[in-house]
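Produce the complete structure using the sequences and hints provided.
As given, the protein sequences belong to chains E, Z and C, one line each in that order.
Anchor point for the first sequence: position 22 equals 22 in this note's numbering, and the numbering is continuous, going up by one each time.
If you want this note's numbering, it's the position in the second sequence, counting the first as 1, plus 342.
If you want this note's numbering, it's the position in the third sequence, counting the first as 1, plus 896.
By construction, these hints were calculated from the structure, which means they are not laboratory data.
Because the structure is a prediction, the values reported are computed rather than measured.
Heads up, a few of these hints could be off.
Said to hold, decoys possible - Okay, derived cross-link-like pairs now, DSSO-like style, lysine-lysine, Cα gap no bigger than 30 angstroms in a straight line: (1) E/Lys112 - E/Lys134; (2) Z/Lys373 - C/Lys1003; (3) Z/Lys453 - Z/Lys839; (4) E/Lys259 - E/Lys134; (5) C/Lys1003 - E/Lys277; (6) E/Lys134 - E/Lys174.
If you want the building blocks of each chain, they are given just below.
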Amino acid sequence: MQSWIPLVPDSASTFSWKVDALYFYLSGVTLFFTLLISAVLIFFVIRYRRRTPYEIPRPIAGSHKLETLWTIIPFLIAMTMFAWGARLYFEQYKPPQNAIEVYVVGKQWMWKLQHATGQREINELHVPVGRKIKLIMTSEDVIHDFFVPAFRTKTDVVPGRYTTLWFEATKPGKYHLFCAEYCGMNHSGMTGSVIVMEPREFDNWLSGNTGSTTPTVAGQQLFQTLGCVSCHGANGEGGRGPTLAGLFRREQQLEGGQKVIADEAYIKESITNPQAKIVAGFGPIMPTFQGQVTEDQLIQLIAFIKSLPGGAATPGASPAATPTEGPAPSPAATGSPTRNIR
Amino acid sequence: MKAIESFETPRPSEVNYINAQYGLKSWLLTKDHKRIALLYLGSITFFFFIGGLYAMMIRLELLTPQGDLLQSTTYNKVFTQHGIIMIFFFLIPSIPATLGNFLIPMMIGAKDLAFPRINLLSWYIYLLGGIITIYALLAGGVDTGWTFYTPFSTTFSNSYVVAAGLGIFINGFSSILTGLNFIVTIHTMRAPGMTWFRMPLFIWSHYATSLIMILGTPVIAITVLLLAFERVSRVGIFDPGLGGDPVLFQHLFWFYSHPAVYIMVLPSMGVVSELVANFSRKNIFGYSFVAFSSLAIAVFGFLVWGHHLFVTPQSVYAGMIFSFLSFAVAIPSAIKVFNWTATLYRSSISYDTPMLYALGFIGLFTVGGMTGLFLASLAVDVHLSDTYFVVAHFHYIMVGGALMGYLGGLHYWWPKISGRMYPEGWGRFAALVIFVGFNLTFLPQFVAGYLGMPRRYHAYPPEFQVFNVLSTAGASILGFGMLIPAIYFVWSMRYGKHAEANPWHLPGLEWRTQSPPPTENFEVTPVVTWDAYEFAPREEIEVVGKFGPEAERI
Amino acid sequence: MEQQREAGTLGMWVFLVTEIMFFGGMFLAYTLYRSMFPAAFASASNHLDITLGAVNTGVLILSSFTMAMAVYFTQIGKRRPQILCLVLTLILGLTFLGIKAVEYHDKYTDRLIPGHLIPSAPFGPAVNEHGKPPDHHKLTLLTGATLPQVEMFYWIYFAMTGMHALHMIIGAGLLTFLLIYSIKGRFDPEYHSPVEVIGLYWHFVDIVWIFLFPLLYLLGRHLEHG
Chain E
1 MQSWIPLVPD
11 SASTFSWKVD
21 ALYFYLSGVT
31 LFFTLLISAV
41 LIFFVIRYRR
51 RTPYEIPRPI
61 AGSHKLETLW
71 TIIPFLIAMT
81 MFAWGARLYF
91 EQYKPPQNAI
101 EVYVVGKQWM
111 WKLQHATGQR
121 EINELHVPVG
131 RKIKLIMTSE
141 DVIHDFFVPA
151 FRTKTDVVPG
161 RYTTLWFEAT
171 KPGKYHLFCA
181 EYCGMNHSGM
191 TGSVIVMEPR
201 EFDNWLSGNT
211 GSTTPTVAGQ
221 QLFQTLGCVS
231 CHGANGEGGR
241 GPTLAGLFRR
251 EQQLEGGQKV
261 IADEAYIKES
271 ITNPQAKIVA
281 GFGPIMPTFQ
291 GQVTEDQLIQ
301 LIAFIKSLPG
311 GAATPGASPA
321 ATPTEGPAPS
331 PAATGSPTRN
341 IR
Chain Z
343 MKAIESFETP
353 RPSEVNYINA
363 QYGLKSWLLT
373 KDHKRIALLY
383 LGSITFFFFI
393 GGLYAMMIRL
403 ELLTPQGDLL
413 QSTTYNKVFT
423 QHGIIMIFFF
433 LIPSIPATLG
443 NFLIPMMIGA
453 KDLAFPRINL
463 LSWYIYLLGG
473 IITIYALLAG
483 GVDTGWTFYT
493 PFSTTFSNSY
503 VVAAGLGIFI
513 NGFSSILTGL
523 NFIVTIHTMR
533 APGMTWFRMP
543 LFIWSHYATS
553 LIMILGTPVI
563 AITVLLLAFE
573 RVSRVGIFDP
583 GLGGDPVLFQ
593 HLFWFYSHPA
603 VYIMVLPSMG
613 VVSELVANFS
623 RKNIFGYSFV
633 AFSSLAIAVF
643 GFLVWGHHLF
653 VTPQSVYAGM
663 IFSFLSFAVA
673 IPSAIKVFNW
683 TATLYRSSIS
693 YDTPMLYALG
703 FIGLFTVGGM
713 TGLFLASLAV
723 DVHLSDTYFV
733 VAHFHYIMVG
743 GALMGYLGGL
753 HYWWPKISGR
763 MYPEGWGRFA
773 ALVIFVGFNL
783 TFLPQFVAGY
793 LGMPRRYHAY
803 PPEFQVFNVL
813 STAGASILGF
823 GMLIPAIYFV
833 WSMRYGKHAE
843 ANPWHLPGLE
853 WRTQSPPPTE
863 NFEVTPVVTW
873 DAYEFAPREE
883 IEVVGKFGPE
893 AERI
Chain C
897 MEQQREAGTL
907 GMWVFLVTEI
917 MFFGGMFLAY
927 TLYRSMFPAA
937 FASASNHLDI
947 TLGAVNTGVL
957 ILSSFTMAMA
967 VYFTQIGKRR
977 PQILCLVLTL
987 ILGLTFLGIK
997 AVEYHDKYTD
1007 RLIPGHLIPS
1017 APFGPAVNEH
1027 GKPPDHHKLT
1037 LLTGATLPQV
1047 EMFYWIYFAM
1057 TGMHALHMII
1067 GAGLLTFLLI
1077 YSIKGRFDPE
1087 YHSPVEVIGL
1097 YWHFVDIVWI
1107 FLFPLLYLLG
1117 RHLEHG
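Have a look at this one:
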């Protein structure tokens, strides 16, 4: 759809025309029934207006046939709307496997974004056209919402958890980014732009904007300065603590028999509330880092852990690792007696 | 004697419920449901105008893209308070507490409600809640949005959240007691012969509304209480920083607040049934379908709250179930619209003001309801959530629907309530102005919403300005239109034409006693042997088509 | 008369339904947080005095019995037994509240009150870390439990039992009113609906406690000795 029709915004993602199509269907049905009811009403109101003061029309109790008709038909129409919307929603909801990841932190009243290649942006997001982009988002304070009308998509950004949003941009240009969940004083000011570029231009932009370390490298530095290496090993090989190499997306066996998938939320919880889920065969000795790491730093640590090789690091690969720790550390260095503390 | 005038009209007497006793104490300590209805009428009108003032401030600010009229914190308080006042202190009590209180006993042939003192108590509780909320407004206001989402409301807002929450909490008990009273009254106090299926549809609607009131309101009570406790004691139920879950608040909040919108619209549908039948002199087509659809709306209404959480991290499968159910809940409303329209077929329609409001309701509610389907549809809701499309949708239902029904009912029963007629010419004029002003205000907002204008913004990108200017223009017309009935109703209490017992010549029980009614409603308890909208035909009268003694089924 | 009696009873039933919805919100919060923090909830529950809780349960069940007997005696017009049963119900209700007060005091002395659980100088921690020797007055954390989670349990405990106690106090007030009117001879086989209706309310408050007791007191008892 072109923007000379002031009824829809720019269409700049693979979702846009699909959502617009459903929207036009809904509008068409709405218009049809509104006009139909209005026309019938107006016709009846004129045709059956009171002509003499004391007339009384013949009562009609009803008609089961008509009731059935005007129950079933609207229900079927509603079902088409439901099915179409649900199918499209399912597509919007599941991020594809090989998407470029961008980390987003929303806070009152700005957006902080960081590309996996290290570039940081404030209130702006540069993306290449024709590539699938996945945003991994959290909030530092209250609930926000990342809304790009041109892409026809939005998702709440919630403190304490990660939410994702994905899109594939189709048209270069600059598009509005709005916060779409009321977040306080400067909610209307928490806006920005998504800038879609041709691939070559995007590469230029990337190379012209290096300078900050990638989240992965920053995460590795944190991993050392915070002392994680003493229990988990410099490359996440494990020791007094469970192995982190190849952890991401793997199924983890916990004390007490539960099994969980080690996703971003699990990693974050393990850092901020380690007693909540203890890996089978280990004791509750990890201290909490709640309050000592910011949301940005958590993202960097997660990025680092995700990058550790060991099998299931790439999303989509089947979790082949066994639920116990990875390569056995040399017994002399770590000492197995310290492992099963009760 | 013409047939219609043969409906028994009692000999008029000078004593009615208004002049039966004089003095402030007789009003403030009354047990008469009719006086309590008038007490409510005064208070909700007061709150309506406060909410309306806030609305004018919003629309004035939004004339220009910059935030140049109000500071952002002020604007945030203004839209929050507009929502709180309009929803909790106007829309939810409006029809049940005024028209419902006044008419339910009369329509079923009873002397009063089941628990008259609890009825008076519910008004005082309403006042107490209102006073506490006004205190919150005057002390500095609330800026969380009427939805009070956490953790902003628990941890970050510096406004009077606890006071406002307390006002809403207390006000909820008023709702619960009203609903309780109605249910017991309808079950146990119908006049002899008044079976369930001889009751006017107004009663069915209020019964369904009362079910929602008693089941849903306690949940908002506990939600607001938990919110207040968390804000005061800093324990994390909803604040993730303290280990809580902010989305839990949204589930608890919307579990009530979605059924609440049916509390607001079902009574209005009941009024519309009365208006359509009585101003076209025909029984409602498909009476039992309309009655059961009220109950269906009440039941289904409790199952759809998750459609407010489609863009939250709610499970996608839960989202699908809620979407399906949200489409299902639209069907009973559609059935009503079709039945009302079919009632008009081969009827005898008069163009009095109440009928104009009823017709307006049917058209505008259709738009409002169908735009709800856009929001029930998952993929489209993702784009439209938190935009002006949602604002337009709910204003179509609440103003184009609920408020139109309320105004129509007020005009219809005004002669019964006050003993005076309102000026018909002005009535029709005002209805037209309100209809035009309303559409001009809210239709552009649908377009602005799809284009991406978010809600709760006090400054916006310039490309949305044209829609906002149209909307504000419409709002001024709407505001002017609302003032007209306010003026002439007050005027009519002193200078209006005296109304006879049955000025519209209708068969309902409430018209078989004088206007205004005596305190005990009926001198003799009626024995009901007729159906709800039975217009007794007589042989000599010109009728539309021939008729027989039985109703005909097509 | 008959219609008024019917109306009164129906009114009380409708009101009790609203009470179920009201308590329901808190039961929902309990369910959610218990499923998220099982170890913390079990640890916290272990500190509640099961003896006192069981005695209270017995007291309330007995009071429902005496209440039902009071209604029965009113219906058949025997004033003395009616008044006796009302007095017994009131005494049992006040006993319940007294035991509750003792329990609340215990929690207060051990500082297991929301907002005070997290240790701060100069007081020592209210809770033991896992592995430390057990101390009679302190709470022992089971594996996987954290202090904030335990605090959540106590928040819910005080909110639910507090709400319940508030309803009991109101019930005691209603019973007092019933007692006074009974002594004055206002109730007889023809007119006794206030007794019936308040009896319904009392039974409801009892039933809520019957749900609260196992959910709050009996968690994780099997782990205590494991």
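Subject >> Violated constraints from the hint list, given by number and in increasing order >> reply: Going through the list in order, the structure violates hint 2 alone and respects the others.
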